[in-house]
Amino acid sequence: MSLANFLVMRHELLLTAAALLVLMGEIFGDPLKKRSVNLLTVVLFSAVTIIGFLPSPPGSLFGGMYIATEMRLLMKNILNIGALLVIIQSVSWLSKDENSGKISEYYILLISTLIGMNFMISAGHFLMFYLGLELATIPAAALAAYDRYSNKSAEAGIKLILLSAFSSGILLYGLTMVYGTTGTLYFDEISDLLVNGNLQVLGFIFFFAGMAFKISIVPFHLWAADVYEGAPVNITSYLSVISKGAALFIFVIVLFSIFPVIIESWQKTIYVTAVLTMTIGNLFAIRQQNLKRFLAFSSISQAGYILLGIIGGNQLGMASVVYYLVVYIFSNLAAFGVVAAISNVKGKESIEEYNGLYQTNPGLSLVMLLALFSLAGIPPFAGFFGKFFLFTAAAQKGFYLLVLIALLNTIISLYYYLLVVKAMFINKSEAPIEKFRSDFPTRFALGICVAGIVITGFASIIFEVIKDMSYGI
Amino acid sequence: MTINQVMFVLFSVMIIVFSVLTVTSRRILRAAVYLLFVLVSTAGLYFMLNFQFLAAVQLTLYAGGIVVLIIFSILLTSHISQKFEPVGWKKSLFSALAAMAGAIITIITILDFKFSATAEAAREIDMRLIGKSLLSVEYDGYVLPFEVISILLIAAMVAAIVIAKKGGPKKTETQTL
Amino acid sequence: MNFNYTLWILAVPFLMFILLGLAGHKLKPGLSGLLGTGGLAVITVLSYITAYLYFFRTGATEGVYTKISAFNYTWLQLTDKLHIDIGVLLDPISVMMLVVITTVSLMVHIYSLGYMKGERGFERFFAFLSLFSFSMLGLVVATNIFQMYIFWELVGISSYILIGFYYEKPSAVRASKKAFIVTRFADLGFLIGILILSFNTRTFDFITLTDPAGPAITQTGGAAFLGLSVITWSMILVYMGGVGKSAMFPFHIWLPDAMEGPTPVSALIHAATMVVAGVYLVARMFPIYFFAAPAALEVVAYIGAFSSLFAAVIACTQTDIKRVLAYSTMSQIGYMMLALGVSGYGGHDGLGFMASMFHLSTHAMFKALLFLCAGAIIHAVHSNFMTDMGGLRRYLPVTHLTFLIACLTIAGIPPMSGFFSKDEILVAAFHHSWFLFGVEYAVAGLTAFYMFRLYFSIFWGNETHYHHTPHEAPATMTIPLIILAAGSAFAGFIPFSRLITSDGVPFETEIEWAVAIPSVLIGLAGIAVAFLMYSRRSGIPDRLAAKFKYAYKWSYNKFYIDEIYLFITRGIIFRYISQPVAWFDRHIVDGTMNSIAAVTQYISFRIRRFQSGQLQKYAFVFVSGAVLLIVLLVYLWNQ
Amino acid sequence: MNTGIPLQYFLILAAIMFFVGIYGFLTRRNLITILMSVELILNSVNINFLAFNRYLFPHKMEGLFFSLFVIGVAAAEAAVAIAIIINIYRRFATINVEDVNEMKY
Amino acid sequence: MDILTLFIVIPVLTITGLVLVRDIRQVRIVAAAGMGLQLILSAVLVYLYLSVRHSGNTDEMLFVRDLVWFKSLNIHYAVGADGISVAMIALTSLVVFAGIFASWEVDFLPKEFFISLILLATGVFGFFISIDLFTMFLFYELAVIPMYLLIGIWGSGPKEYSAMKLTLMLMGASALLLLGILGIYFNSAPDGGQLTFNIIEISRTTIPMSAQYLFFPLTFIGFGVLGALFPFHTWSPDGHSSAPTAVSMLHAGVLMKLGGYGAFRVAIFLMPEAAKELSWIFIILTSISVIYGAFGAIVQKDLKYINAYSSVSHCGLVLFAILMMNRTAMNGAIIQMISHGLMTALFFALIGMLYGRTHTRMINEMGGLMKVIPFLSVCYVLAGLASLGLPGLSGFVAEVTIFVGAFQHPDLFHRILTIVATTSIVITAVYILRVIAILLLGPVTNEHYNHFADAKWFEKVSAVTLISFVALIGLAPYWLSSMIGTSLQPVLEKIIAINPF
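Chains as they are written, first to last, in our numbering: chain Z, 1 to 473; chain S, 1001 to 1177; chain Y, 2001 to 2639; chain D, 3001 to 3105; chain G, 4001 to 4501.
Keep in mind the hints are simulated off the structure, nothing from the lab. All residues carry an ideal CB built from backbone N, CA and C; glycine is no exception. Where hints are given, some of them may not hold.
To be verified - Think about it this way: if two alpha-carbon atoms lie no more than 20 angstroms apart in a straight line, the pair counts; the simulated SDA-like pairs of lysine to any residue are:
id, chain 1, residue 1, chain 2, residue 2
1, Y, K2081, Y, T2218
2, D, K3060, Z, D30
3, D, K3060, S, I1130
4, Z, K96, Z, D30
5, S, K1165, D, I3016
As the list claims (entries may be wrong) - Partner residues aside, some chain Z positions facing chain D, computed with beta carbon under 8 angstroms:
id, residue
6, A142
7, L162
8, E349
9, E353
Claimed, not checked - So the derived label-pair ranges between C-beta atoms look like this:
id, chain 1, residue 1, chain 2, residue 2, range
10, G, A4453, Y, D2320, 50 to 56 angstroms
11, Y, Y2048, G, W4479, 54 to 60 angstroms
12, Y, S2171, G, D4023, 50 to 56 angstroms
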């Protein structure tokens, strides 16, 4: 394998290497110094992330089974950053006694899901796509069930694994139809051979349902809330941000590069589901008391907004989706980071328990405030820019009514985000969460998130770079 | 009626009957055995379609591996003699409606479609070709998926272990890997 | 001739207001009073100089008094053609008004130095008087209708502040509020009138507007509404402002209540100057009324006539001396309005116009005098009610004398000035309409009656027991009385028709004996009746009151106009408009917004069972969703 | 080869099997039987792939390989799922799916 | 750096300073210094503007700075000012400056309070200087959001409800607005060419009528909600009554003006054709606002509610005048915005000061305050007089300009509605005098009142600043009117092009 090939595939290779190194460390390392695995992983992963940004030529390997374009490399890099943040945020949680026995397993699983996502993004063939998808899901189920002593965690695990198996079965059935009508599973060939027939549309919808499950689009979203609530906070943030982001990336790639022929069909599909997703997600979020569940529904509705970027099928939409995901990663990870920090130290996860938080923990409250405002799309935070571009992309194709629905939904979402803000800043509490100082990794990760929330919007260069890359998928 | 047709009818009837039995049987172990029958019948279909290798894989991996795994887990978690309560009529009715609606629409759509075969010559599939393709990095070569599924299997192993493993500081001596 | 200095006539009182308003409480009260009075003295002198220069030096070109725009500054440019200017327009009536206002105002200032001595807020009082003088002078010298409106509002607010000067007294507060709101309502008509007028004529400027060849008069076209032309309507609306300010029926209700203010204020604002602004307004726009809106002029005449009669009737039964004077004011202003209404244009035809202005000046003198006298009496007796008075002529000799002169003047007894001015009015009415003449003739009698009713009950009649002996007011108060009495007595000999006419061309008048003699006779008759009834405490008034029980009661209660207003404001506007609006806002408009939120919450509650926690239900929704999408896209929405 | 059996027969067979699997997934109470229903679904997918490969596109082996990998993935999935099911059994003392609903609404 | 950008930089620096300082005294000083500097800067801006114009520069916008921000969407950071924005900026500086002093004694989380307040101001300043729709919208939302915290944390009464309602309704408005802006953007180059957010560039083209019919109402209602357009005004009474003093001041004084300004600058300027066709609907609505708000104010008992309804009425007049679409009426609308901004800020400042002493805002629980706190009472009377349109104070200038302008409309329907709107001056007088009579005049109703201290120095600074400008505009309106008038030229040219009358 030449250096050029290595560079093209460096994300997957490096991640695999990192996973193996951690595995080696687990096997051969000093059993008493298990916590040093944390440091090892963070260092390794940072290296991977940085190397990921090295410039490299786009290319196609394995006879077209593996494709790397600038856009896809960028997507991987974005995921790497997000995963790195999750890893850093996990450190303090993993350092707790009940988890110290299986730290490296956690990392191995997390990295393997990331490998799966990377392969999925670089897929040039549906087989690679499928394998990546499964690789991204199966270990994730184990991660969701990571907390062995929690009923909820186990429940989350079983719900995730069974439903994802179910959904990938349906997705596969749809793929067989695509295969049967085109005779190939290579992406670049399918798009030439596909015609707008009923069976293709049917196949597409089965495929869509499977993808929608991963992205948690209504009505395929019902697992998300339970799994997010049950899983440990860091896993939840990983699932709701990185997994979902990766699924969205590949979704965009597949829609734009494979199914342009049936664009009318998938536009209608997305229209319907986007409206449902935003609305249902928001309506459920209103009533939530558990912050994890709350953020789960919030991220469901966020997925609805992202669909607005996809629906136009235009380059601007592509760019806006990727850009929004960058924003979304920072914002949601900041929110989850705060929830995790408090949950790990105080074990409190409900909104009521956050009453008066600002009085005791102003720093965390402010981070949460920024994160929520960014998610709600309030300027000058990045979420505003992200949403604006998504809506612009949809409006460019004339979907004004959809944009209006989305905008009205942002009001509902603002309402429940403000409920949390209200709890932290306005409500008084007899027994607020006591003042505490979170450890360095948490603060570091939150710092990066805040910087991301603030800078990503103003620095137009980020959007422009994404926009420039979104020519070729 | 050719032998092929007879075989097909036989296998398909077996598949359908045992599939239905698998999902309706009220004794769990019987359901597992019915599943085994379905898988074996399917392997028969694969033979009919000239995919001997895959039929073999089906028999060993599926019938031999997964079903055994399932049966073990049944033994771990259930009493053999236990009989399920019947499914609530509402649940089964709606599920059946959904499934039947889906099936009807799918079948109609399939029958509606004019499939067109490729004009290229068929390739004779033998084990060597499969092996070659599996290790090929060229077009229609599957070495990359092969590598990925190996990662997947390792990850699945680790995953299973994580779930089974007890955490906590005291358990550090029980190295499982 | 350069009249630029007339700017100072406006500037001095304004500056004085600013000075006293901002720094007054830091000065000694006496100093503030002197400053205010001194400032006013300066502008009085300036006004007299102006009058002298205008009438006798430069004003008349070829025997006609022209309008001189002494000063004009564009204050606000509205459209290309419409702009609000602030300036000074000198013509006979404005110059006359300058003289009248400054004279009366100066007298009131001097009087107040004594009357208000020791009151809390002495400096504030003088500040407000300065503000009023400024506003009133600005009003009369207005070069355009909008300037007039501006100062019109300013006199309104000065009046509001001064009526409510004793702001701790609830009745004063109520009265001031009422005065402002009633006049404000009338001013709404004024404003709308201005809007319509300016829309049709594209100008605010008086010189252009009143030019008989100008747009207002020549372009009388425009859509008709209820049979009257647009200009007529606009002039009626403008007149509505005048009705309000001049307390004509039906907007007169504020004036009696306004007597809650300090008496000098009543003298200055609610007798001599501000209340005649309506008359001045009509006089100012007279050519338009006459040429373009004769119907509006009829309205002026009839409202004037009715008001004068109405007020005179009420005045006969009131017991509060200031209220009697207030109704008398209303009645006299009715005269002036009537005179304008019956007037023609140009030369002798414009007799009514001249008479109106004449009566305006004489009325200013004698009514101010009456009020100031009343002030002196109240000062001495500490009561407003004539039932508490009687036989005061011995204690208050100067007041008594001056009051008598004033009463004779208002009753139109020669050679007092009131005789001349009222006579001209009756003559003008006589030539216009028998009916109106008849009304005014009756009013003349009533006037004499109620004034002498007042006079006799205060100064004659049975002596009431006083808590402490009433004593004559100090010189600061009596000197103005004497000066004004002199003015009232002799102003009638001013040859008014040579100075002030409807078109600026002087003419000669003579007393028409056919009218004068009966009018004097009825005046004397009124006095005689009053003498019989009130010179001694006799039972006649009570017997009459008992005999005409309902008439008396209606008159005493001012024909229940106040109650009607109260019903409209409280009962209709408050209860049937405002409260429903507030309710509607809270419950319907706001309720809609809230119910949107509530419905959202409710839906959110209802749909929660989709998230049942049951894995298989999730899968069911999943499958159904997929199947529905297929049905939708493949079979329904595909065409 | 296979003369007399149209492609559609295989497809219909697979479709029936697929939806029987779905029906099973929706109705079975026991988590393990639900897993078995998933296996049915995957099997039907394999039949489809192989039938298409054989009938329409015999010049390549995509269907074959896809089925192969699906079987592999199914095994991995089953392994993890069973591990979790056993964990569920330990925590809830049942593997009845209807009892595993601590989280809802 | 150009002078307009300084208007954003200074608040941001002030916020930074506030973050750094520790104790409450420093917080106050930094806030006051920053906003004082801002006030001076706006004076400089007015001077510069007038001198540049005087030297014959007739560009539509002066001090233009145009930096490409998001190149691919042609989003720019574009600022510029004409007479209208200069006037609005000056107004904002004044109100913010007065607001700082009015909230001098905030003691609960003062630092956060001033930071939020100045953040709000930043949004407003940014809005007024923007000539790019995107930045304009950005600043608009930036101005709305701190309101939630300001009302929610430092407010009184049902503050959480009010804050939520206000925020959601205004964000709802911004949703319509965003749709409108996007619609304008995608129709900004009907003949092909580069799409743009730049207002000036868009104004040179004609947006297709079909698009205008759709996006004019959206934009107008979007801004109209902020301008308290009936029936979308209900956030205003609750919001104002719950907000702390300075926030009410800023909100009624400045933030509501964003509505009028935006409706003028975006809805009418860019889509005059649709505005002309559809204006009758909105003119009816605004006429209702004017009368309805005034009637609503009559029966209220809470001082802030009275003022809030009064604001509905006055701001309704702004939108009403804008829709008349002629120079004079629009000029009046702008003056009315400034005038109302100043006097309503004054009102709220005074209400806050009264509340600080009496601890109630119910008028029937107070009485006779004139005797005990004459300074504040006189200020209140002045504010009231300005509100009821007394000549010599700013309200008169604005209303007269509006009425005269609106009455120049060639259409009888519009003129009749003008007359309807005119009646508000009487109703205004009724409720203003009612309040003054009950609240200030009459005998002192409560013995405790005799111990009240009159205004403290910072209260005086706050009130006198505002009053002096109310009087300045009222006495010498010409310069302001002409400054605004010349800036209306571009709009009028567009209007005249479609409607020569």
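Okay, the hints, checked on the actual structure:
no., hint, verdict
1, K2081(Y) - T2218(Y), "holds, 18 angstroms"
2, K3060(D) - D30(Z), "violated, 50 angstroms"
3, K3060(D) - I1130(S), "holds, 11 angstroms"
4, K96(Z) - D30(Z), "holds, 18 angstroms"
5, K1165(S) - I3016(D), "violated, 40 angstroms"
6, A142, "holds, 6 angstroms"
7, L162, "holds, 6 angstroms"
8, E349, "violated, 12 angstroms"
9, E353, "violated, 18 angstroms"
10, A4453(G) - D2320(Y): 50 to 56 angstroms, "violated, 41 angstroms"
11, Y2048(Y) - W4479(G): 54 to 60 angstroms, "violated, 36 angstroms"
12, S2171(Y) - D4023(G): 50 to 56 angstroms, "holds, 53 angstroms"
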